[in-house]
Structures are given as structure tokens and as C-alpha cells.
Amino acid sequence: MPVDQARRLAALEVKIEIAEEKDAYRIAEGVYACFPESSLIKKEPLHLRPATQEIRVQRLAKRIQPSLTQPGMHWIKAVHMPTGSIIGVAGWAGPALPVHNILRRSAIDFYGWKEKMSWSDADIDELFAHTDEQAWSGTLEKDDEIRSQVVEEPHWYLVLLITWPEWQGRGVGKRLLDWAIRQADAEVPSTPMYLESSAMSRAVYMHVGFVPQGDVNFLRSGPKLARVPEVEDERGRERR
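Just so you know, we're using UniProt numbering here: the sequence shown kicks off at 1 and counts up by one.
Hints may contain errors.
Stated by the list, open to error - Cβ-Cβ distance ranges computed for the label pairs, FRET-style: (1) A10 / Q134: 38 to 48 Å; (2) D185 / S148: 38 to 48 Å; (3) Q58 / E133: 27 to 37 Å; (4) M117 / R182: 24 to 34 Å; (5) A51 / A122: 13 to 23 Å; (6) L46 / A10: 38 to 48 Å; (7) M81 / A122: 34 to 44 Å; (8) Q149 / T52: 38 to 48 Å; (9) G138 / Y32: 29 to 39 Å; (10) E153 / A129: 29 to 39 Å; (11) P36 / G214: 35 to 45 Å; (12) A10 / A203: 21 to 31 Å; (13) R7 / E152: 23 to 33 Å; (14) E152 / T69: 23 to 33 Å.
Derived by calculation from the structure, the hints in this document are not laboratory data.
Everything numeric in this text was worked out from a predicted model, so none of it was measured.
Yeah, the Cβ is synthetic: ideal placement off N, Cα and C, and Gly gets one too.
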């Protein structure tokens with residue numbers, strides 16, 4: 001939807017920074033705050049969920065933590081300067097990172113995080129205990145297969161983009177997108193960018209030059225020359 005310029009946060013109110021390991025818990029909180037239950041119920045069925053929401057957040061935070069220091073993976077955060085609060089987050093897999101989504105269970109072995117974090121097999125089982133393997137990792141694996149077919153060259157990939165509900169529609173998501181766009185367009189020619197998106201978010205990405213490659217697949221090969229009204233997604237980036 002169009003950004004209400006009267007509500008748009010001033011440049012000095014928001015700072016885009018590189019996220020740190022300590023931010024893993026806040027990122028996990030954001031996932032559950034921004035994504036609707038309808039998009040989580042298949043991935044985390046009710047009968048598998050732990051006793052408290054806190055346990056869900058802690059498990060997801062631990063799964064995210066090693067990716068925050070993974071070479072080639074770029075987590076950035078939008079910080080509301082008057083309060084110091086993180087109000088938006090984006091996870092960008094850079095061109096140097098292989099096509100293997102960092103949120104898949106298999107990423108733990110693929111990137112060597114089991115040894116890095118000194119996790120046992122039992123630890124890993126617990127981290128994914130409330131998820132449906134096929135709905136969670138299976139879906140991400142299929143997404144990776146499609147991504148490999150759509151774009152064969154090194155590219156930027158949007159793993160996650162969320163803006164906390166109370167800050168949506170104020171230009172935060174656009175700034176998190178712009179960070180990676182600047183990295184991509186700094187190269188000549190521009191480095192391709194790829195993402196998956198739901199129907200409700202299509203306008204956000206098409207506004208900055210992403211072109212549909214399928215129902216949910218979008219590719220950006222360079223700057224968009226035509227100007228269109230600025231738009232801002234009102235939710236976490238939901239594909240399904």
C-alpha cells in the first residue's frame with residue numbers, strides 16, 4: 001500500500017546497522033510478531049508446539065544465531081534511534097553464499113554450525129522439535145531448487161524481511177530493501193537479486209525493479225528506471 005508521507009519516519013529517526021549475535025532473540029520475536037498464524041500453522045503444527053511461546057522463540061533464536069556470523073550472510077536491522085529498539089530486520093544471503101537457505105535444518109551440517117556451536121544430535125532435535133520437517137525444511141529445499149533454476153549466477157537473496165506491526169507503513173521495510181539494492185547496484189553490471197513473495201507484497205518488490213518469474217518468484221537484474229508511487233509492505237514477508 002502507498003506510504004503515508006505524514007507517517008514516514010524521518011531519516012534521523014532510523015539507522016540501518018549490521019545485526020549481531022545478541023540480536024538473534026529479537027529477530028525470532030519479530031518472526032512470531034509479524035507472521036500470521038495462518039502462515040505458521042503448517043510449519044509449526046499445534047500438536048508439536050512446546051508448552052510456552054517463550055520456548056518457541058528461544059529455539060528459533062538459537063537456530064538463527066550461527067547465521068549471524070556466517071561469512072556471506074548479511075543480517076541488517078533498523079534501529080529506532082530515540083528508543084534504541086530494533087523495529088525491522090532483513091536477512092540477505094550475499095552472492096558468495098551457496099544456494100542453501102540458512103533456515104533449513106540441513107544448513108547446520110552444510111555450514112558447519114554443529115561443530116561451531118558444539119551442538120549434539122539431541123540439541124538439534126530439540127531446536128526443531130516443534131516444526132514439521134516437510135513443511136519447514138522441505139519447503140525451503142524446494143525453494144532453493146527453484147532459485148537455482150531461475151538464477152544460475154551469483155546473486156543476493158532475501159531470506160527474511162520483517163517490520164514490527166506498530167512500525168509498518170512508515171518506510172522501514174523500504175530502507176531494509178534499499179541497503180541490499182545499493183550493494184547490488186554498486187557492481188557493474190548490477191548483481192542480480194532474488195526473492196519469494198506473497199501476492200500482497202508483489203507491489204513492494206516490483207516498485208524497486210523485481211520482475212515476476214512465477215507465482216512467488218521475483219528477480220531483479222538492475223535498477224528500475226520508471227518511477228511509480230512508493231509502496232510499503234504492511235506485514236512480515238509472507239510467501240504462502
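Here is how each hint holds up against the structure:
In this structure, A10 and Q134 meet the distance hint of 38 to 48 Å, their C-beta atoms being roughly 45 Å apart. The hint said 38 to 48 Å for the Cβ distance between D185 and S148, and at roughly 23 Å that hint is violated. For Q58 paired with E133, a C-beta distance near 20 Å fails the hint of 27 to 37 Å. For M117 and R182, the hinted distance range of 24 to 34 Å is satisfied, since their beta carbons lie about 32 Å from each other.
At roughly 19 Å, the beta carbons of A51 and A122 sit within the given window of 13 to 23 Å. Between L46 and A10, the C-beta spacing of about 42 Å keeps the proposed range 38 to 48 Å intact. A hinted range of 34 to 44 Å for the beta carbons of M81 and A122 is consistent with their spacing of about 42 Å. In this structure the supplied range 38 to 48 Å holds for Q149 paired with T52, their Cβ-Cβ distance being about 41 Å.
Checked against the hint of 29 to 39 Å, the pair G138 and Y32 fails, with Cβ atoms roughly 21 Å apart. Remark: the range hint 29 to 39 Å for E153 to A129 is upheld by a beta-carbon distance near 38 Å. Range check, P36 to G214: about 23 Å between beta-carbon atoms, so the 35 to 45 Å window is missed. Distance hint check for A10 and A203: the Cβ-Cβ separation is about 24 Å, which falls inside the suggested range of 21 to 31 Å.
The hinted range of 23 to 33 Å is not satisfied by R7 and E152, whose Cβ atoms lie roughly 41 Å apart. Between E152 and T69, the C-beta spacing of about 28 Å keeps the proposed range 23 to 33 Å intact.
Checked against the numbered hints given earlier, this structure breaks hints 2, 3, 9, 11 and 13; the rest are met.
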